[in-house]
Amino acid sequence: MNILETSRLGKRYGSTWALRECTLAIPAGHVTALVGPNGAGKTTLLNLAVGLAAPSAGVVTVLGGRPAGSPAALDGIAFVAQDTPLYKTLSVADMVHLTRNLNRRFDRRYAHSRLGELDIPLRRKAGKLSGGQQAQLALTLALARRPRLLVLDEPVAMLDPIARHDFMATVLMAAADDGVSVLLSSHVLAELERVADYLILMSRGRVQMAGEVDDLLASHRLLTGPAAEAGQYERPVVHVRRGAVQAHLLVRAAADEPVPPGWEAHPVGLEELALAYLREPSAAALPGPARDRDIESSEVTK
Amino acid sequence: MTALTLPARRDEDASLPPVSWRQMAWVTWRQHRMMLAGVAVVLGALAVTLVIAGLRLHHAFAAAIACRPVTSLACNNLVSTFNGTNGFLANGYVLQAVPALIGAFAGAPVLARELETGTFRYAWTQGFGRWRWTLAKLVPLAVTVAVAAGALSLLSAWYYQPYFAADNLNLSLASTPSLDSGTFGIRGIAFAAWTLAAFAIGALAGMLIRRVVPAIAATLAVYVGLGAATVLYLRPHYLTPVLTRNVFLPPASASYVSQWWTKGGRRQSPFAMTRIYDQLVPGVSSKAQKVHEFYQVVPRYLTQHGYTEWTRYQPGSRFWPFQWIEGGWLIVLSALLIAATVWLVRRRAA
Chain A
1 MNILETSRLG KRYGSTWALR ECTLAIPAGH VTALVGPNGA GKTTLLNLAV GLAAPSAGVV
61 TVLGGRPAGS PAALDGIAFV AQDTPLYKTL SVADMVHLTR NLNRRFDRRY AHSRLGELDI
121 PLRRKAGKLS GGQQAQLALT LALARRPRLL VLDEPVAMLD PIARHDFMAT VLMAAADDGV
181 SVLLSSHVLA ELERVADYLI LMSRGRVQMA GEVDDLLASH RLLTGPAAEA GQYERPVVHV
241 RRGAVQAHLL VRAAADEPVP PGWEAHPVGL EELALAYLRE PSAAALPGPA RDRDIESSEV
301 TK
Chain B
1 MTALTLPARR DEDASLPPVS WRQMAWVTWR QHRMMLAGVA VVLGALAVTL VIAGLRLHHA
61 FAAAIACRPV TSLACNNLVS TFNGTNGFLA NGYVLQAVPA LIGAFAGAPV LARELETGTF
121 RYAWTQGFGR WRWTLAKLVP LAVTVAVAAG ALSLLSAWYY QPYFAADNLN LSLASTPSLD
181 SGTFGIRGIA FAAWTLAAFA IGALAGMLIR RVVPAIAATL AVYVGLGAAT VLYLRPHYLT
241 PVLTRNVFLP PASASYVSQW WTKGGRRQSP FAMTRIYDQL VPGVSSKAQK VHEFYQVVPR
301 YLTQHGYTEW TRYQPGSRFW PFQWIEGGWL IVLSALLIAA TVWLVRRRAA
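Quick note, the sequences are listed as chains A and B, same order.
Numbering follows this note's numbering, in which position 273 of the first sequence is assigned residue number 273; successive positions increment by one, without gaps.
Numbering follows this note's numbering, in which position 273 of the second sequence is assigned residue number 273; successive positions increment by one, without gaps.
Treat the hints loosely; a few may be bogus.
[To be verified] Within a straight-line C-alpha distance of at most 25 Å, the following computed DMTMM-like cross-link-like pairs (lysine to aspartate or glutamate) qualify: (1) LYS88/A / ASP278/B; (2) LYS128/A / GLU116/B; (3) LYS125/A / ASP166/A; (4) LYS88/A / ASP160/A; (5) LYS125/A / GLU116/B.
For the record, the hints were derived by calculation from the structure and aren't laboratory data.
Could you build all of it, start to finish, from the sequences and the hints given here?
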């Protein structure tokens, strides 16, 4: 089942396309990171996925073909929007009760024990909680709905490092223990490798790269060699970093492809890879039809 | 950690009942109880004011009409007392503001606040679904404030009774025709209907404008505009006005739609009639002792000289038909506005 499927999806605000020609198929069971600079169209894509925005072009379905925003889709998706909007004047207990009353499924025991573990007082007003606690409350409410897909829009952007770590730990636990698929947007690349196993890279309203992290890493290499020969490499080059003597080429090539004489090949890290693509908005690496997870390919990079 | 693990219960999905409207009703109540309390406090304060002021008014009225002989100085004083009682309420404008305030401060924020603070991203992505959420908020709240306003209008109908009763008495008591524009909208079903409409206007304005304060301002402006248009252009034509000629003393409680003069079948311009009046006044004034006699003498004189006065008016007996007509179209309008709001929520997005 694909947790999110889009076909030539586009969204226009006025005369500006926030998202164009977006075709994706994210299989279930992944923690998917949606990465890109501000204004890349990440929030637009997420809003389309949860039904807060209607497409200007194309189609978007979730949870194996349910139209985005339909009751059946909303039933299985929990969304935590940017800056985790909560009713500031309601108490934590009221927010729990509210969310429970707005959903068919709600695990109140989970919500209460999780909030207890986080030391979030039930009587306190949501607006009086710290930023980290508000984010944790919003996440707890979302997870207590027992979604199949958890959608998080810039969940950690406003959090300090500890709160950020705790938040992501909760997300990863839900993904690992309960099989919740996660789709999160971020412009923070640092923790990506630890968190995500599926990556969508966006810039300027277009999807630049999409695929399983292991596949993406396996199909890219960093070549280091004499700067004078940097222009002669024949395989697709994503990004060139030139020094006085040496040049570093990030290329699309499998591990078993031959390396030109005088050059050294290294496996590439996710952050490095993402940065290289973001610096070259015209480069693209889009997979064909979505494949099932391929365990073999992950061996190659290790 | 096991206690915090979410057991997989995917198979139960189909058997789970949908979210009930009752659950949603709790949400509406929890989120808007302060607003409803505010409405209750304002209406309650007005009710107390009306009762206290109303007792005074009714008392003054009873004293004035019981006084004999009518022409005595004591009786004149009692009439003046009644006429001067509760001047701030007499024209009905204070109460006319109530639906506008409810629409602006209770109706407009319902959606505007969600859109302004971003909480709609939470509310509209819950399993209940956003158009049902909107419907389950707007309809109960609109009906509640309308019913509360309706209760207050019973009191205001009682309060203004002396003015309508005075209309039929040939005393110099302050009186009001029953279709008077100042009080028509605050009695009968019109008050509740106007409150409903104001709330619906506020809700739609909030959805369209997405900011609380501008939505409040827009609601007030639209309400005032709609109210003025109703008084000036709609209400006089709910039913075909009665046409009559040469009525020097108009029927009690009539509300004029228009008046004009003809001579020899030709309609006279108001300008021409003013000139004729001006020429007559010096001669007539000496004969007419009182102002109202003047207004009888001049038309009588004109009639004798071949002029015919035509009057189109709405008789006061049409109060209830007019109430049902006005209440009816306001309720239909409110339903349309709420439906439009729900449709916008359903269709439109962030």
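Against the structure, the hints:
{"no.": "1", "hint": "LYS88/A / ASP278/B", "in the structure": "violated (69 Å)"}
{"no.": "2", "hint": "LYS128/A / GLU116/B", "in the structure": "holds (19 Å)"}
{"no.": "3", "hint": "LYS125/A / ASP166/A", "in the structure": "holds (21 Å)"}
{"no.": "4", "hint": "LYS88/A / ASP160/A", "in the structure": "holds (21 Å)"}
{"no.": "5", "hint": "LYS125/A / GLU116/B", "in the structure": "holds (19 Å)"}
Hint compliance for this structure: hint 1 is the single one not met.
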